[in-house]
Structures are given as structure tokens and as C-alpha cells.
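Engineer: In case you want the letters, here they are:
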Amino acid sequence: MNKPQNYEEQQLDREIRHFFTELMSEITLDDSLRVKLLARQKDIMPLSSWQRFLEKEVSISLAPLTLAAAAMVLACGLMLKTLFLPWEIPEPKYRIIEMQAAQVAPGLQNPAERG
Amino acid sequence: MRRFRFKVKHLLGFAVAFAMISAAGYCFAPYVLFSLGENYRAQGETLKAKVYYERIIRYFPAHGKTAFALEQAALLAAKSNLLLVTPRAIGSAEGRLGESLPQEAAEYYTRLVEEFPGTQPAKRAQQALTLHAVRRLLTNGELQAAKAQLKAAMREGLDNNPDFVWYAAEAFLTRGYCGEAIALLEDFLAGEEGKAGSPVLLELLGDAYRAAGNKAKALHYYQRIIERTKKEKAGTEQGDSAPVDYYSENIAALRKKIAFVTAEEDTGGTVCGTVTLSGKPLPGVEIILQPLAGHDTYIISGPYTGLRLTSDQQGRFAFTGLVPGYYGLGLILNLDEVGDIVLKGGRFPQSIFYVEAGEVVAWDFELVKTIKIISPANGVTIDADEVAFTWEPVEGAAYYRLELGTYTGAGSISSLCEKKYVTPEATISLAQLQSYQPGLAYDEQGPLPASLLGYLGSRHFWGVVAYDADDTIITASQGYLQAQNSDFQLPERNMSEGDKLLMKRNYKEAIAAYEKQLAKDAADLHALTMLARLYSVQFSSAAYVYPHTDFMKAICYYNRLFDLTGNTEYLKVLTGIYYNHLQDYEQALATLRKIEAKTPLADWDLLQVAQIESHFGRYDSALQTLLRAGRRFLPEEAALRIITGNYAGIKTKANSLTEEKWLQTLQLLAEDELLLQSEDILPDRGMPAPDAIQYLERRKRSPQEELLYLSFLTIEPTAANRVQEYIQGDLANNFAQDPAFLKTVRTLFGE
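Protein chains in written order, with the numbering used here: chain A, 26 to 140; chain B, 92 to 842.
Think of the hints as simulated: they come from the structure by calculation, not from any bench. Heads up, some of the hints might be wrong.
What the hints assert, rightly or not - Partner residues are not named here, just some residues of chain B that face chain A (Cβ under 8 angstroms, in silico):
| id | residue |
| --- | --- |
| 1 | 123 |
| 2 | 142 |
| 3 | 183 |
| 4 | 220 |
| 5 | 315 |
| 6 | 429 |
| 7 | 435 |
| 8 | 436 |
| 9 | 519 |
| 10 | 521 |
| 11 | 684 |
All of these numbers come straight from a predicted model, not from anything done at the bench. The beta-carbon is built from N, C-alpha and C at its ideal position, and this holds for glycine as well.
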């Protein structure tokens with residue numbers, strides 16, 4: 026069902042019609058234009074159903090588009106975090122102390138350095 | 092609402108681009124993850140590194156990089172579960188082809204072999220699994236099953252890997268299967284016809300023939316290495332990747348083997364023993380016997396040098412057919428099996444010994460559970476004037492000693508307090524604690540400020556060691572793991588201007604600030620202590636020479652500290668300055684006497700007194716002083732007994748194998764009626780040790796004079812650090828034809 030047009034749209038329609046009327050009154054069909062039009066006629070192939078599908082336009086409103094974009098950014102962020110950032114580092118099962126026996130000096134027995 | 096119009100082809104284009112980016116991500120993400128893991132591993136952050144390897148394994152199970160991630164994860168799993176304990180160092184054990192393989196690492200390797208067959212990591216994993224299985228079977232005496240396992244692995248392509256062949260042959264050889272080791276090595280070397288043969292394989296083959304009693308073949312292979320390495324050194328041989336420096340590194344050991352094989356008496360030595368955990372046999376423990384160049388040289392080198400065995404079901408192990416020489420014995424423990432433990436006798440086993448031909452050296456590793464500490468608990472801040480330490484009692488403990496430590500900013504330093512506690516509790520006043528100097532830690536830029544502050548700083552830790560009636564350590568609270576954290580903090584103290592400057596390593600201005608502080612209050616203990624410490628530091632490195640050393644000032648401040656507090660800890664530091672830095676033995680002795688007037692001298696102090704008395708020629712008194720010590724100083728006691736000719740009152744109880752051998756040798760000397768006394772050799776019996784050394788150095792010394800010379804070297808404070816070098820160098824060369832004499836020397840002075 027056609028929606029009622031407002032004043033600006035009606036005005037635009039009138040201007041377009043006027044433009045075409047003016048153009049139509051000035052057309053002169055000479056030989057070169059005829060050849061050109063015939064050649065174009067010959068090149069034009071009917072579109073296949075797949076091409077028609079590809080050329081089809083889909084209209085998406087802002088809200089789902091924003092949601093989809095946000096979901097993708099979130100997914101990418103999650104993936105990057107899950108894979109590349111250091112998190113969930115486990116507690117070591119055993120903390121082995123690296124020690125070197127030092128030279129035994131007077132006053133110190135079994136001294137050791139802990140790293 | 093605003094709408095966006097897209098053609099389907101654009102939407103599809105976007106989807107395809109997204110899919111391609113995702114595919115590229117899948118292909119390249121594992122590389123990025125692996126590189127992140129490698130970076131963390133290189134920085135020593137193994138836990139983070141393992142997280143990245145595990146992500147590759149979890150999210151990219153079929154990716155080519157997953158094989159490498161599995162391999163690295165296995166290596167890290169082994170590293171975090173295996174503890175290496177040697178006489179000189181303790182830490183994580185590494186190594187793919189060692190005897191021990193923790194369960195977690197084995198699981199990674201198994202998955203690697205199953206899921207990525209044919210890849211290089213899978214081959215290496217197969218090697219590790221096979222060697223582990225073969226060793227386990229051999230330890231259990233299942234020779235045929237071990238051979239079958241090895242044969243199967245060889246069929247799968249491991250037969251062309253010299254590393255694998257070496258380890259497999261070594262596993263057979265150390266367990267006494269010489270024939271199998273020879274066959275394995277000969278087969279491999281035959282397959283390399285035309286090549287010179289890897290020196291390490293040739294040497295092992297020589298060892299195998301030596302163990303099998305085929306001297307000629309053994310010599311043939313040893314000589315082959317020498318010829319080959321000589322050629323390599325001369326650069327005449329081309330196109331082989333064998334290490335050129337093998338000659339320089341191993342030729343001395345190789346010549347020892349050749350000399351041993353060619354000698355008439357060629358019975359090898361044996362090192363055997365047991366491993367127990369809380370008194371029960373511990374099977375499956377990897378034991379490493381490391382040949383050493385000398386008593387003081389302990390290097391845990393790469394593969395091909397240490398001999399490895401696994402303890403059997405009764406916890407026993409035995410290395411046989413050993414070429415005479417120094418050896419160090421260590422072990423690798425699987426922490427999943429033993430948990431938080433420590434060795435009876437101390438963290439570092441004193442298992443370095445000289446093995447003579449035909450000698451059997453026994454050494455037992457007794458692992459015991461650690462002492463549970465009670466208070467101060469980890470993280471506690473002390474809010475009293477004293478610190479009360481308590482711990483759970485240990486059965487059989489005659490006394491305990493506290494171990495106190497402090498963090499230096501680049502690790503920590505700890506030391507045992509001399510005081511003995513017979514009950515499981517101890518109390519130390521803050522003033523006493525702060526007077527302890529735990530030792531200084533340095534880096535290239537000089538002394539670390541936190542170590543200079545010592546217990547005047549904030550964060551410290553403690554532990555306790557239990558001893559039996561024979562002064563042997565029976566267990567300790569701190570083993571090899573940070574299992575029982577025992578950090579404690581002292582009350583917050585306002586940092587002085589000097590402290591702040593010191594923390595910035597501005598030593599000069601810190602000294603000026605402390606001096607200023609002292610000018611205001613001449614009895615400021617903190618300023619006095621810090622000045623004494625800062626003036627007694629002696630340090631130089633390529634990057635920095637500490638310019639503030641002034642021992643005279645340090646002595647002055649330590650004396651004032653003692654006068655103000657009466658605390659003998661300050662006198663002990665003073666003794667160290669006189670004895671070690673100034674070599675002013677008269678003052679050192681006077682300070683020790685001052686300490687003795689207030690408190691009984693510790694064993695180490697008694698040793699110092701004995702050495703100082705010897706320096707002045709008072710040997711009889713020195714011996715009597717030394718015998719007052721609770722512990723036995725073997726080389727020094729031997730030295731003083733030889734110098735004085737006094738063999739009376741030798742305590743016959745030996746606490747270790749080393750002490751037992753020392754005692755036997757000393758008793759043989761005591762019974763030797765032909766042994767000359769010092770007065771028979773020296774012009775004056777009371778000749779001070781430095782003069783006696785000079786006198787004997789001018790003579791061509793007989794074995795008896797050599798014994799006397801070594802005795803003076805051992806007991807003289809300025810010469811004691813030359814003894815080991817002399818025994819292993821000039822003495823070993825001069826008396827190479829008299830092994831009995833060298834054995835006597837090593838037993839008396841070698842430890």
C-alpha cells in the first residue's frame with residue numbers, strides 16, 4: 026500500500042516529471058545514436074537467478090547491525106584474550122628452591138643462598 | 092529508524108573475507124602462541140610458558156605446532172616435578188633422556204607419539220619413553236623384555252640416533268650388562284662405516300670392554316679417540332661434526348682410564364648405597380655419579396659424563412668398575428613421590444669422595460620429612476620486643492638450632508645461629524636479632540643495600556634444624572621446596588635519612604648522613620651499626636670498586652657497639668676483620684679471648700684460636716684448643732697431631748665414612764714407630780708455622796717431610812687455601828709413583 030506523500034516529496038516528483046518532459050521534447054534520433062542504442066540492446070543479457078540474488082539488496086536496520094558488530098568485536102576480543110593474554114596461570118605444584126652451597130666461612134655453617 | 096542497504100554480494104564478500112582471516116588466524120595463531128611460550132620460558136617463567144603450550148594443545152589439536160607444544164609441555168612438566176640434589180647445588184632437574192620421567196611428562200610424550208607419528212618431536216618423545224621403559228625393566232632384572240623394547244624402538248627409526256644409542260648402552264653398562272652394551276655400540280659404529288665415530292660412543296665402548304675384562308679392546312678404543320681428537324685439533328680431518336674441544340675437555344680423564352687399564356692391578360672401585368624415605372626403601376630414584384677433576388671441582392656437566400642408575404626395589408644402587416678418582420654422588424627425586432623432604436645430614440649431601448682401585452665406598456641417602464614450624468607463622472608482623480619461635484618436636488632430636496635469613500632484593504641469605512635449644516622453642520630479642528650480620532650480597536654495582544641493613548630491614552624468614560646427640564642433622568624445617576613459608580616482619584621503623592640514601596645506593600651520602608646522626612647522638616646504635624658495616628665492606632668488580640672501605644673506622648664503631656651493648660656478636664664481626672682482612676692475628680686472638688670471657692666459644696671460633704696459636708708456634712696449646720670443639724675438624728686435627736707427635740686421646744667414634752677412613756689412617760700413623768717427629772726435621776720445635784713452611788719449601792722433601800709440610804700448610808691461616816690445589820697439583824705429580832702415600836694424604840687432608 027502506498028504511503029501518503031508529504032509536500033516535499035510531491036514537489037520532488039513534480040520536478041522529476043518536468044525534467045523528463047523537457048528532455049523528451051528535445052530528443053533527436055540520428056544514425057549514430059540509433060547504432061549505439063541497437064548495440065547496447067545486443068549486449069544486454071538477461072541476469073541469471075544467482076546474479077539476481079547477488080544483486081538483490083538487503084535492508085538492515087541500525088539496531089541489529091550494531092548488535093552484530095558488537096558481538097563480533099566481543100568475540101574477537103574474547104578470542105584474543107583467551108588465546109594470547111596470560112591468564113589462569115596455575116599455582117606451581119612445587120616451588121623448588123635453587124641453592125648453591127657457599128664456601129663455609131668461620132661463624133657460618135651450611136650457609137646457602139636461596140634464589 | 093535508519094536502515095542500511097547492502098547487496099547480497101557485498102555481504103557474501105564480507106563473510107568470505109572473515110572466513111579467510113579466521114583460517115589464517117588458525118594457521119598462524121599457534122606460531123604466535125608458541126613464540127610467546129618460548130619467550131616466557133627463556134625468561135624463566137615456566138608456568139606462563141606452559142599455559143601457552145597447553146592452549147596450543149587444547150585449541151589447535153591437529154596443528155603441526157602442537158607436536159612441539161606437547162614436547163615443551165612435557166619438558167616443563169618434568170622440570171617442575173624433578174628435584175636434583177648434589178653436593179654443591181640443588182634445583183630443578185632437566186634433561187629429556189634422564190632416568191626419571193614424571194607421570195605428567197610421560198602422558199604428554201605418549202600423546203605426542205600417538206598423534207604426531209613421524210615428526211621429530213615424536214621421535215624424541217619415543218626415545219624418552221623407550222629409555223625410561225628399558226631402564227625400568229633392567230632395574231627389575233627383566234633383561235629380555237628390555238631388549239625386546241629396545242629392538243622395537245630401533246625398528247621404528249631410533250637406531251640412527253647416536254644420543255639414543257649412547258644412553259641405551261649406558262643403561263645396560265651401568266647395570267652390569269656389558270655384552271649388550273658392546274653389541275649395541277658395535278652395531279651402531281658398524282653402520283657408520285667410513286666415519287671416525289663419535290668420541291663419546293667410542294669412549295663408552297672402551298668402558299664396556301674394560302668392564303667386560305677385554306683390556307686390549309678397551310685400550311684400542313681409548314687410543315682411537317686420542318688419535319682422532321689429535322687429528323681434529325690439528326685440523327686435518329674435515330667434514331665431521333664431532334666436537335673439536337673433546338680432546339681438551341676429556342683427555343685427562345681418558346689418560347687416567349688408559350693408565351688404569353694398563354696397570355697390573357685393575358680392579359675398579361665401587362660406589363654403592365641405598366635411598367630411603369623415612370626409613371623405608373625408596374625404589375626408582377635416579378642416582379648420578381659424576382666423575383670430578385678434584386675435590387673442590389663439582390661441575391654438573393651435560394650428558395656423557397655422569398653415570399646414572401635407578402635404585403631398585405630395596406632402594407639399593409651400585410656403580411662398579413670405577414676408575415680411581417674423585418666422584419660426586421647426587422640424586423634426582425620425583426616430588427610426586429617424596430613431597431617436602433630433606434636429607435638427613437643436611438641439605439647438601441657430603442658425598443664427594445676419592446674412590447681407590449678395588450675400594451668399596453658406601454653412601455646412603457636418608458630422606459626424612461621436614462619439621463613443621465608453628466610460630467611465627469608466615470606473614471606475621473612481630474609487635475613485641477622479642478621474637479618467639481616454636482616448632483613441632485622431632486623424635487630423637489638432642490637439640491635444635493635456628494636458621495635465620497633475610498631477603499636481599501636479589502634472593503636471600505641465611506645462616507645457622509650458634510645457640511642450641513633443647514626444647515622446640517626459642518626466643519630472641521629484637522636487639523639481639525638486629526645485631527646479627529647475615530652476610531653480604533653483592534651485584535655488579537656493589538653491596539646490596541637490603542643485605543647491608545640485614546635484620547634492621549623489614550622482611551625476614553626463619554627455620555629450624557634438628558640434631559641428634561652426635562651433632563648430626565636429623566631433619567630441618569626447610570628442605571628443598573618453598574612448602575612452609577616462614578616470612579616474618581619486624582615492627583615498622585621509620586627509615587632514617589641514611590637508610591633512604593643507602594637504599595638508593597648512594598653509599599657516600601648515606602655514610603655522611605649516618606655520621607651526622609651520630610654527631611647528634613653518640614649512642615645511636617643504628618647509625619653505629621650501619622657505619623661499622625659500610626666501612627667494613629670490601630668489594631670490587633669490573634664495573635665498580637667500593638671506595639669507602641676503612642677497617643680502622645669499622646673496628647672503632649664495632650668496639651663502641653660492644654661497649655654500649657655488651658653484645659658479643661659485634662666482637663665476632665671484629666674478629667673476622669682482624670683475621671680475614673687485616674691478618675692481625677694478635678688482635679684477632681685478643682678479641683676471641685674477650686668473647687670467651689663472656690660466652691663459650693663456638694666451634695669455628697675454637698678453630699680460629701687453634702690456627703692463630705699455630706701461627707705463633709704454640710702447637711700443643713693449639714691442639715688442646717681444637718679438641719675442645721664439639722665437632723671434629725679432620726684436616727686441622729691431623730695436622731696438629733702430626734706436628735706435635737701427640738696421638739693421645741683420639742676420639743674413636745666416627746660419624747661418617749670419611750671420618751672412619753681418616754681415623755684408621757691417623758691410627759696407622761700413630762703406630763708407625765719410624766715416623767719422624769717435627770723436632771727431627773725442623774731446627775726448632777716451636778718454629779712458627781710461616782717460618783716452618785718456608786724452611787721446608789727450601790728442602791727436597793721426603794714423604795715424611797711432605798706430611799709435615801702439608802700439616803703446616805693446613806693449620807697456617809695464610810696458607811690454608813693453598814692445600815687442595817697443592818695436593819691435586821704438585822703433590823699428585825711428584826708422588827704419582829707412590830699411590831699409598833697419596834691415599835694417606837687425601838684421607839688426612841683431602842676433605
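Engineer: Look at each hint and say if it fits the structure.
Structural biologist: Cross-check of the supplied hints:
no.: 1; hint: 123; in the structure: holds (7 angstroms)
no.: 2; hint: 142; in the structure: holds (6 angstroms)
no.: 3; hint: 183; in the structure: holds (5 angstroms)
no.: 4; hint: 220; in the structure: violated (22 angstroms)
no.: 5; hint: 315; in the structure: violated (38 angstroms)
no.: 6; hint: 429; in the structure: violated (10 angstroms)
no.: 7; hint: 435; in the structure: violated (13 angstroms)
no.: 8; hint: 436; in the structure: violated (10 angstroms)
no.: 9; hint: 519; in the structure: violated (17 angstroms)
no.: 10; hint: 521; in the structure: violated (21 angstroms)
no.: 11; hint: 684; in the structure: violated (16 angstroms)
Checked against the numbered hints above, the structure violates hints 4, 5, 6, 7, 8, 9, 10 and 11; every other hint is satisfied.
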